[in-house]
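**Q** Sequence:
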Amino acid sequence: MDRSSLYLLYIPLSNREVESHFAVRRRSRVPHHVLVVKNDKPQLVFRQALSLKYYHHTGVSKSCLKLYKPFHESLMSERTVEEEYFVSWGIVGCGAVCEVKSGPAFYNCVGSKLEAVMSRDFSKAQDFALRHSVDKAYTSVSDLVNDASVDAVYVATPPGEAMLHGKTARTGWKGAKEISDAFEKANVPLYVAYYRRCMPKFVMAKKALDEKKIGNITGVTVTLHQSRHRQNKTHWRYNKEVSGGGLFMDIGCHMLDLVEFMIGPILNPIGRAYKTVDDQSVEDNVRGCWEHICPFNGSRLGGSCVFNFSSGGEMRDEIEITGTDGRMLISCFDTKPAELRIGADEIIKLEEEHPSTVQQPMIQLVTQELFTRKECNVNMQPSDLDPNIYLCSGESAVRTSVVVDQLLGREKWSDDYIIMQS
4 MDRSSLYLLY IPLSNREVES HFAVRRRSRV PHHVLVVKND KPQLVFRQAL
54 SLKYYHHTGV SKSCLKLYKP FHESLMSERT VEEEYFVSWG IVGCGAVCEV
104 KSGPAFYNCV GSKLEAVMSR DFSKAQDFAL RHSVDKAYTS VSDLVNDASV
154 DAVYVATPPG EAMLHGKTAR TGWKGAKEIS DAFEKANVPL YVAYYRRCMP
204 KFVMAKKALD EKKIGNITGV TVTLHQSRHR QNKTHWRYNK EVSGGGLFMD
254 IGCHMLDLVE FMIGPILNPI GRAYKTVDDQ SVEDNVRGCW EHICPFNGSR
304 LGGSCVFNFS SGGEMRDEIE ITGTDGRMLI SCFDTKPAEL RIGADEIIKL
354 EEEHPSTVQQ PMIQLVTQEL FTRKECNVNM QPSDLDPNIY LCSGESAVRT
404 SVVVDQLLGR EKWSDDYIIM QS
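If you're matching positions, the sequence shown starts at 4 in the working numbering and goes up one per residue.
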């Protein structure tokens, strides 16, 4: 077979649309379909957990196809992809985050497949597995972790065992350090899903700062105003025993990680937490300040933050980084491009495409890094991102957890740290 004309293409069609074009010998509820074009003859591929299976094309316009990625000959035999060329993932937790933000990435990334999922509710695990074409569904974490076919585990629930962890801030800094130390002792890599580091918008912003587009950095201000006080307070984020605190624990840590990622470690943080509304038991306002060492000239600079989740005014989502030649404005939770404001007049928008599965760039980099650690000679397009910078290690996540607790003004979860209404 002439492999030089072999390409992998993505076709975002529903099952019904695909079945109207293809003679499919097996029905399968899958969220995506892939075509392999060989010598200009497309073939339909259903991506399964254990293999890629081929179905012959009967007539479809090639104009509806989108070139996705080259599929190298070393990864393909006549009928299947060799097992050792995949990182086989297991997922703990089948909630909303996995449904959209992360789950599809585990079978869409090159060199990655989703082997098993776990939920304490078996019907939920089974439903997720069916819709995402996963062969195995568990109700026990230990059963999934001990599955010999699972290479790596993604935890999308409050903390537990993981290789790729949703985030450790909710455990408090001592809990985060315990997790990190356990992985270090076992010589198992731990990555924490502060996934924005790998998203194109933030990659471009980081590179602009490193190239000193705004000169030497002189300060940073983090601002988040949201009207979350109007939400239903029965959500787990308002249950301190589950969330570890208020919305700051779940949301603020992402902005603080981005500050460390773009500028460097947050030093000497100090802050206070306030509860300004009556119908919740956790804080809704956090204010604080800290220091950085400028990565370019070694000078000390200041940082500050305001997180107000009971704001009825204009919603604000902004990290402002000032420099000697200008400033950068970048939002954390929307798709607006970052802006460089140089001098008094010049505005440069850093336009980048927003991935539909927001964690996919990170998961692709983790997959590549796992192959590198195993010294596997897998021919995939190498990333130009340094995993030591763009992936959040356990050590870096512990630092963010320390900052979170210190901005809350507490040493441990049980501390009475919230300033109440008088």
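Keep in mind that the hints were calculated from the coordinates and are not lab data.
Don't take each hint at face value.
What follows is a set of in silico ranges between Cβ atoms, one per label pair, in the way DEER data are often shown [as the list claims (entries may be wrong)]:
hint : residue 1 : residue 2 : range
1    : 392       : 292       : 17 to 27 Å
2    : 356       : 102       : 39 to 49 Å
3    : 298       : 356       : 25 to 35 Å
4    : 317       : 340       : 30 to 40 Å
Keeping only pairs whose Cα atoms sit at most 30 Å apart, straight-line, the calculated BS3-like set for lysine-lysine is [said to hold, decoys possible]:
hint : residue 1 : residue 2
5    : 104       : 377
6    : 339       : 352
7    : 180       : 377
8    : 177       : 243
9    : 216       : 352
10   : 339       : 177
11   : 377       : 139
12   : 236       : 377
13   : 215       : 377
14   : 216       : 377
15   : 210       : 352
16   : 127       : 278
17   : 339       : 188
18   : 127       : 243
19   : 177       : 278
20   : 377       : 243
21   : 236       : 188
All C-beta atoms in this analysis are idealised placements derived from N, C-alpha and C, irrespective of residue type, glycine included.
**Q** Holds or violated: are the alpha carbons of residue 127 and residue 278 at most 30 Å from each other?
**A** Distance of about 35 Å is beyond 30 Å: violated.
**Q** Is the hinted pair residue 339 and residue 177 satisfied, with a Cα-Cα distance of at most 30 Å?
**A** 35 Å, violated
**Q** Is the straight-line distance between the alpha-carbon of residue 127 and that of residue 243 30 Å or less?
**A** Since the Cα atoms of residue 127 and residue 243 sit roughly 25 Å apart, the hinted pair holds (cutoff 30 Å).
**Q** Below or equal to 30 Å on CA atoms is what counts here, so check residue 180 against residue 377.
**A** Holds: residue 180 and residue 377 sit about 25 Å apart, inside 30 Å.
**Q** Is residue 177 close enough to residue 278, meaning Cα to Cα at most 30 Å?
**A** 24 Å, holds
**Q** Assuming the hint says 39 to 49 Å, is it satisfied by the Cβ distance from residue 356 to residue 102 or not?
**A** Cβ of residue 356 to Cβ of residue 102: about 21 Å, so the range 39 to 49 Å is violated.
**Q** So if I understand the rule, the pair passes when the alpha-carbon distance is 30 Å or less; does residue 177 with residue 243 pass?
**A** 16 Å, holds
**Q** Given the hint of 17 to 27 Å, is the C-beta distance from residue 392 to residue 292 inside that range or not?
**A** Because 25 Å falls inside the window, the suggested range holds.
**Q** Is residue 236 within 30 Å of residue 377, Cα to Cα?
**A** 46 Å, violated
**Q** For the pair supplied as a hint, residue 377 and residue 243, confirm whether the alpha-carbon distance does not exceed 30 Å.
**A** 40 Å, violated
**Q** Quick check: does the Cβ-Cβ distance between residue 298 and residue 356 fall within 25 to 35 Å?
**A** 28 Å, holds
**Q** Holds or violated: are the alpha carbons of residue 104 and residue 377 at most 30 Å from each other?
**A** The hint holds at about 27 Å.
This entry does not satisfy hints 2, 4, 10, 12, 13, 14, 16, 17, 20 and 21, going by the numbered hints stated previously.
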